[in-house]
Amino acid sequence: MNDTAVEIDNLTKRFGRFTAVDGISLTVNRGEIFGFLGANGAGKTTAIRMLCGLLLPTSGSGRVAGLDIIRQFEAIKKNIGYMSQKFALYADLTGRQNLNFYGSAYGLDKSFIAGRIKELSERLSLGEFLDRISGSLPTGWRQRLALSVALLHRPQILFLDEPTGGVDPVFRRKFWNILYSLADEGVTIFVTTHYMDEAEYCGRISIMHRGKIIDRGKPFELIAKHNADNLESMFIELIKKQEPTDEPA
Amino acid sequence: MSFLTATYIHKSYGKIEALREFSLAVDEGEIFALVGPDGAGKTTFIRVLCHLIKTDQGDVNIAGYNIKKNFEKIKPLLGYMPQIFSLYPDLSVEENLKFYAGIYGLTGQAYESKRDYLYTFSNLGPFARRRAQALSGGMKQKLALSCALMHEPKLLILDEPTTGVDPLSRHQFWEILLQLKSEGVTILVSTPYMDEVARADRAAFVFDGRKLSEGTPEELAAGFRGRIYFLNEEPTPVLIENLNRIEGLAVQRFGAGLHLYLAESDTIANYENSLAQLNIAVEKLTPAAPGLEDRFIQLTESGS
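Note that the protein sequences, when read in sequence, are chains A and B.
In case it helps, our numbering puts the first sequence at residues 1 to 249.
In case it helps, our numbering puts the second sequence at residues 1 to 304.
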């Protein structure tokens with residue numbers, strides 16, 4: 001298998017006269033945990049939608065899981081998993097019912113789903129929470145359940161949107177240890193977040209502003225490079241430097 | 001001097017104890033942060049302070065008035081911004097402001113000058129005619145804050161005002177809070193995010209209905225018992241396993257590197273030989289300052 005999970009070159013998306021994504025290039029290796037940061041309106045969502053095969057670029061090219069994002073966008077969907085903090089598990093179904101539902105929506109066969117539920121339940125220590133109504137679960141367990149749904153079809157790449165928002169730090173550390181072990185097995189993890197305590201856990205991060213990637217690197221190297229105290233102040237300073245009089249809403 | 005004191009607040013919902021012997025004192029003119037995960041009791045506590053729910057036990061005093069006996073005196077001093085966006089989505093920015101001004105009896109010239117003052121720091125002036133539902137997350141929060149400030153409260157209580165807001169808007173929101181503080185407003189703000197706390201004067205860790213610890217952000221982090229070192233090495237499973245075999249060391253992957261945890265009485269020099277066997281020179285380790293999260297984990301894991 002190829003060692004590059006995501007490779008995009010000069011990717012651009014225009015909506016009318018507005019350029020949402022402005023010629024970004026990026027390589028993410030297999031098994032890497034990559035943090036994709038930027039303020040609202042920076043173009044992150046548009047970029048991710050192109051990577052997930054949900055939106056075609058205006059120009060540029062890219063491959064995700066070895067598949068061309070223009071010609072093979074349908075196949076990409078089967079090879080990626082997606083989890084969001086806002087991601088709707090059916091609140092009045094149990095975890096197991098949610099997994100069965102999503103499994104059949106993916107067209108997976110019943111015995112495969114049953115096997116995966118067993119595996120994931122052990123791996124993520126879902127235990128009794130698997131058979132509880134998901135709407136009544138504490139935030140941390142709900143997120144862990146959402147992760148198991150995203151992993152059901154054994155995706156090679158996992159897209160996570162603010163995966164551990166609002167979770168207690170002990171639980172978050174455990175959640176990230178699960179992500180690290182997935183990465184060690186070769187799953188590539190692509191994380192977007194507004195919170196630096198999540199960004200710090202990533203192996204590498206990039207910062208997007210006004211459609212462009214303005215910097216990238218390992219978190220601690222970026223902090224040192226910009227002479228900042230921490231990731232948050234590095235981020236703010238970097239964006240302020242771009243446009244000193246900028247006053248985004 | 002304390003502007004707000006809550007003493008031994010207890011609140012149960014059936015079998016669930018949402019708040020247990022929760023006491024807090026917030027000084028006049030300070031920004032105090034309540035930090036803890038979802039479900040810790042932050043919102044319940046805030047609702048108690050705003051007299052929206054009754055306690056089973058305990059007492060709240062604000063500006064010298066008792067909340068049960070004299071809430072009418074407290075009300076004009078209090079500005080509250082709930083966690084859920086509660087403005088009118090189909091009214092414009094300006095219509096929302098005007099509506100809230102009306103509630104507090106602010107009209108004509110008095111309203112207009114207040115509105116203009118609020119625009120100076122919210123920067124919402126250019127969006128005055130935009131419907132609230134069409135605003136970005138950061139702008140919505142600034143509008144909600146403006147509405148809560150309409151009657152010039154002395155105490156501002158904000159329930160997770162920046163959840164889901166991007167870092168730049170969050171930064172701007174805190175700039176506004178600092179500005180208000182400099183004008184003498186006392187602010188109590190809750191957040192689930194450790195990285196928000198650094199700009200508060202003082203903060204309390206909240207978990208499982210209890211206050212675990214309080215102090216300045218520096219004091220809270222400094223409460224950590226032990227030493228942390230950052231190791232700039234590729235955190236491979238093999239390396240982690242090998243490090244975990246060394247007695248006395250705890251290892252946690254941290255982004256592109258590793259954190260090694262030692263007991264407070266221990267020193268990294270004691271591990272020079274065992275690390276050398278893994279081809280790690282002690283020079284590769286840099287002391288890392290314990291973060292608020294490290295301290296929070298230590299407090300909750302020890303069960304205290």
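Keep in mind the hints are simulated off the structure, nothing from the lab.
Do not take every clue at face value.
[Claimed, not checked] Straight-line distance between alpha carbons at most 27 Å, and here's what the computed DSSO-like set of lysine-lysine pairs gives: (1) B:Lys75 x A:Lys240; (2) A:Lys225 x B:Lys54; (3) B:Lys98 x B:Lys68; (4) B:Lys15 x B:Lys98; (5) A:Lys212 x A:Lys241; (6) A:Lys174 x A:Lys212; (7) A:Lys77 x A:Lys110; (8) B:Lys284 x A:Lys218; (9) A:Lys212 x A:Lys240.
What you are looking at is a predicted structure, and each value in this text was computed from that prediction instead of being measured.
Against the structure, the hints:
{"no.": "1", "hint": "B:Lys75 x A:Lys240", "verdict": "violated (39 Å)"}
{"no.": "2", "hint": "A:Lys225 x B:Lys54", "verdict": "violated (52 Å)"}
{"no.": "3", "hint": "B:Lys98 x B:Lys68", "verdict": "violated (31 Å)"}
{"no.": "4", "hint": "B:Lys15 x B:Lys98", "verdict": "violated (43 Å)"}
{"no.": "5", "hint": "A:Lys212 x A:Lys241", "verdict": "holds (14 Å)"}
{"no.": "6", "hint": "A:Lys174 x A:Lys212", "verdict": "violated (33 Å)"}
{"no.": "7", "hint": "A:Lys77 x A:Lys110", "verdict": "holds (20 Å)"}
{"no.": "8", "hint": "B:Lys284 x A:Lys218", "verdict": "holds (16 Å)"}
{"no.": "9", "hint": "A:Lys212 x A:Lys240", "verdict": "holds (15 Å)"}
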